[in-house]
Each structure stands twice: as structure tokens, then as C-alpha cells.
Amino acid sequence: MTKHLKIIDYAITSLLRRRYKSFAILAAYSLTVTTLASVLFLTHALRTETDYIMQGVPDLIVQRTIAGRHELIPVDYAEKIGAIPGVSGIRPRYWGYYYDGLTEANYTLLGSGGEPAPLQMLTGRLPVNPGESAVGAGVAALRGSAVSGELILVNSRNIGVLFQVTGLFRSESNLLTNDLVVLTDRDIVDFFGFPPGEATDFAVSIPQSSEIQTIAAKIKQLYPDTRPITKRELTRTYDMVFGWRSGMMLTVFCAAIIAFCIMAWDKATGLSADEKLEIGILKAIGWDTADVLALKFWEGLIISLTAFLSGMILAYVHVFFFNGFVLAAVIKGWSVLFPTFRLTPAFNLFYVLIMGFFTVVPYVASTVIPTWRAAITDPDSVMRG
Amino acid sequence: MARSKLFIAFIVLEVILLFGAYLHGNSLQISRRTDDLEAKRALVSRLGLTDLAIWTEARYTRHPSQADFFSAFQDYPGSPDHFPAGSLISPMQVYPEGME
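Heads up: the protein sequence lines correspond to chains A and B, in order.
Using the working numbering, you'd call the opening residue of the first sequence number 1 and step up by one each time.
Using the working numbering, you'd call the opening residue of the second sequence number 1001 and step up by one each time.
Hints in this document: simulated from the structure, not taken from any laboratory.
Just so you know, not all the hints are guaranteed correct.
[Unchecked claim] No more than 25 Å apart at the CA atoms, straight line, and that leaves these computed lysine-lysine pairs for BS3-like:
| # | chain 1 | residue 1 | chain 2 | residue 2 |
| --- | --- | --- | --- | --- |
| 1 | A | K21 | A | K276 |
| 2 | A | K21 | A | K6 |
| 3 | A | K276 | A | K6 |
| 4 | A | K332 | B | K1005 |
| 5 | A | K276 | A | K80 |
| 6 | A | K231 | A | K220 |
| 7 | A | K3 | A | K218 |
| 8 | A | K218 | B | K1005 |
| 9 | B | K1005 | A | K21 |
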């Protein structure tokens, strides 16, 4: 034990002797771990949160398709679909997209449907009367609706329509409501100029989850021009968006992995002349091969363990205390309205162990292996290069 | 041996911080699940929301689960893309029936 403490002492002194190089490696290594871990933390937290909140999505969405594209669905389809055994309710949904030329942002306009039940994530209330609206925090900030209490949108007939803002979605729900403008169903129909008796799609309630697939098949048989989307398909979409094979992971992951490989490869391909000289001298003054290997092992471990732990902590702080602001800028794309990631921290110990294994072990190995090659040769020839 | 002890103390401190992050995450998971997440789930249920409002730049990035992916020459993740976010969302995997 004492021997190893002394070797660690010597290893730290040796690293400090090459302080600029050591700190440069430490910084690059920490940055790589931070990047990798940030992506892992962010996607894992998003997936955990989505898994939970998406349990509230409709059991079945029924769209109508014409020529392979989503079209408005006749409301009278609901009669036959609602009569299918196992269906407990069916509700037409009225929604669409709105491009706001003023702010160059896209909003999602949604009909409130049903009675205005109080919602914890909403300050105020959902629209009940014509000309009322509830807006997401992103829309409110962009249009100053929180202050003015008004929102003017241009309808399909190119006429500006004034809506009173009766509700503001709390910023905690940004991930769901950032670009949302909720109007009454009637206002949506009028605003977009929907033909009478048509809705965007249907939300179908099916209490028995085992019956969803069968009912979806029955609907498809009844109305071949429809596309039923099951709850399972809805939730699976987000498994894929945030899964390890998603582009979101791969985009950042690949760059960081490549950077790490280059660094490890550089270490593994050989020692510098100074390092060879040091090994030669140590051998000449009586250190045996095992001691030299222990020294290099500790040097590698000091750098990699410090970088790994610092990187993980930095990533956690970055994602959950600073809302992943660096990563958000990368994945934002062209979205004008982009939510702040105020996520519930999800810490997966398995990911941390995997990260530790894949970053610390290769680095230590790539430090020790070339040293072993130098340490088993004659000190004189090592020092002469 | 002062330096080695200092290093060990530093590593122990970092491990404690990381473990603290683990506890912090887990405790928030439990406490927020009962209020915030439950409220968000109620919101999804009440308004019949189907997707997250992350990428608002195109229809198929705003509502990936509602995108019409099944016919040729459509805008969909995995197709030659017009929008940066489209490349971040992987295309829907189609399973043969009964293989899910």
C-alpha cells in the first residue's frame, strides 16, 4: 500500500513535470466525457419523462388518408366507430399548423374539445367562449401575450382575428405546450375554414388495452381510407427518437467517440522520447518492470479517473441545472420556438458504469501497453532511443 | 505522500459528488412524479396531445407519430431532408406482425 502511495506521488510529480501536456489531455478528455454523458443524460431523462407522460395519450388516433396523405375526416365516421364493441368514447380532434409570418415561427393550433377541467399546468382556464385562447409559454413570450392578454392571428381568409388569452401554460410544461395555441373547436373550424362536418382526426378511448389492436383492425376494415395509430405506436415513436440508435444520439456521440479514439490511438502508438528516457533511467536506477508498469498505470488512471468523474459531474450540472443549453443549441435545428429542457433528472447507474468502462479502461490500457514494450527492453538501448 | 493523499481525497470528493447527483436525481424522480409529471400526464390526457413540442420547424418533426410515412416521396425522417431536425429523428421501424 505504502509503495503504491509513493508510486502515485511520483506519478503526480511526473505528470506535473509535463504540466501543459497533462492539462491539455485532461481538458480534452473531460470535454469528451462531458459531451458523451450530456447526450446520455438528456436522452435518458427525455425518454423517462416521455414514457411517463405519454401514458395519457389517446388509446387510438384515427386519421383519414387520401392519396397517401393525411386528410380531414368526416365527423359522421364516428357513429360506426363508436358502435364497435370495446370502444367507450370517440372525440373528434380539431387541430392544425399555423405559420406566423411576423415571428417566422410555426404554432400548433388545437381545439380545446370537451369541458374546461382545471389543469395544474395551466394558469387561468381553457377557452370556453368564441374568441378566447390559451397559449404556451413560447408563443406568449414571442408575441407578448402574457402582458397584452391578446393574440392576433391571420385566418385562412387573410383576416386578422383577435383572441383574448384566458390561459397561459406554465413553463414547466414547455416540452408539451411551447408552441401550442388552444382555441375552442368552433374557432378552429372557422379559423382554418374546415368544410362543415369534418375534423382533423378522432381520438378513440378503449378501456381494455388488449383490444386496441383488434379495434384498429376493425376500423381499417370498416373504413379502408383510415389510418389508425395505436397508443403503442405513439409511445414507440419516442423510444426511437431518444433511443441509442437515433440520430440525436449518433450526431453528438460519433464526434465525441472519434475524438476519444484519436486521443487513445495517439497514446497507444508510442511513447515520446522524454517518456522513453524516463523509463530507461528508472530501470537503470533499479526499478523493475512491474514498478514501471505500476507507475504508468497510475499515471493513466489519475488522468482518466479525474477526467471521467469531472466529465460526469459537469454533464449532470449542464443537463439538469443549466437545461443542457450547449446541447440544445446543437439539436435545435431551424425551430424558432424551441422549448427549454427543464427535465426531471434521471440517473441511470448502468450508463455511468458503461461510460466508465469504455473511457477509463481503453485509456489506461493505451498508456500501459507501450510502456510495457519499452520497459522490457534493455535500459541502455531505451535511453539511446 | 502528500500529493497522493490529496489526489485520493479529490477522487473521493468527486465520487461523493457523483453519488450525490444520483441521489438528487432519484429523489426528484420520486417527488416530481407525484406532482409535476402527474400534472403533465393530466394535460396530455385532457387535450389529447400526441407529441412533444420539441422541433417545430416542420409537420413531421413537430408530430413524428402522426407523420404520413407510408407512401413514397413524402417528407419523413430518413428521407433526404429539408430540415436539420429531420436528421435527428430516426425513421419508424416497421415490425412484421406479431414480432413486436
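Hints, verified against the model:
With a C-alpha separation of about 16 Å, the suggested pairing of K21(A) with K276(A) holds against the 25 Å cut-off. Restraint check for K21(A) and K6(A): the C-alpha separation of about 23 Å stays at or below 25 Å, so the hint holds. Of the pairs offered as hints, the one joining K276(A) and K6(A) holds, with about 21 Å between alpha carbons and a cut-off of 25 Å not exceeded. Straight-line distance between C-alpha atoms of K332(A) and K1005(B) comes to about 44 Å, which puts the hinted pair past the 25 Å bound.
For the suggested pair K276(A) and K80(A), the alpha carbons sit about 82 Å apart, so the restraint of at most 25 Å is broken. Distance hint between K231(A) and K220(A) is fulfilled; the C-alpha atoms sit about 16 Å from each other, no more than 25 Å. Among the hinted pairs, K3(A) with K218(A) is inconsistent with the structure: their alpha-carbon atoms are about 76 Å apart, more than 25 Å. With a CA separation close to 71 Å, the supplied pair K218(A) and K1005(B) exceeds the 25 Å bound.
Restraint check for K1005(B) and K21(A): the C-alpha separation of about 23 Å stays at or below 25 Å, so the hint holds.
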